[in-house]
Amino acid sequence: MLVPFPFVVPVESAAQADRVRRLEQALVLSLGALQTLVRRLDEKLGAEFLGPELKHLTNTGSDAELEVVLDSIQRSITAGKSSTAAREFRDAFGCTWDEANHAVRHWSRYPREQKLRWLRMARFIKALDVGAE
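Positions in the sequence shown are counted from 1; adding 57 to them yields my numbering.
Treat the hints with care, since some could be wrong.
What the hints assert, rightly or not - Computed list of lysine-lysine pairs in DSBU-like fashion (alpha-carbon distance at most 30 angstroms, straight line):
| id | residue 1 | residue 2 |
| --- | --- | --- |
| 1 | 112 | 183 |
| 2 | 101 | 138 |
| 3 | 183 | 101 |
| 4 | 101 | 112 |
Just so you know, the hints here were simulated from the structure itself, not pulled from any lab data.
Sequences are here, hints too, so could you generate the full structure?
What follows is the structure, given as structure tokens:
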């Protein structure tokens, strides 16, 4: 299993993997709730109310946009273009080349839902980093 905190790394034991999976799900739910709250505040009170720190959280991408990214990585892997897939993964997830190459080598091991959660978390982390600047 790979852990996306804040990037993808190996997890050794099944117990660790299960715990990380539950933490990952809780984090995605929390971030989703935060994003919904920020969007609603933006709609009701306007962008000026949120300020630039929170405004970034409204632009992390829809599920459909995230699916397009995953599909592109999958197409590159299927076509045997692992270096292209690693570049796409690195750009999308904000990780190192080693992490991207590892993820591409093991891509088929992970369910699509898990990949989507990882990408959603990576987008939130990027949005938080942009807001902190």
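Hint check:
no., hint, verdict
1, 112 - 183, "holds, 13 angstroms"
2, 101 - 138, "violated, 46 angstroms"
3, 183 - 101, "holds, 25 angstroms"
4, 101 - 112, "holds, 13 angstroms"
In this structure, only the earlier hint numbered 2 is contradicted, and the remaining ones agree with it.
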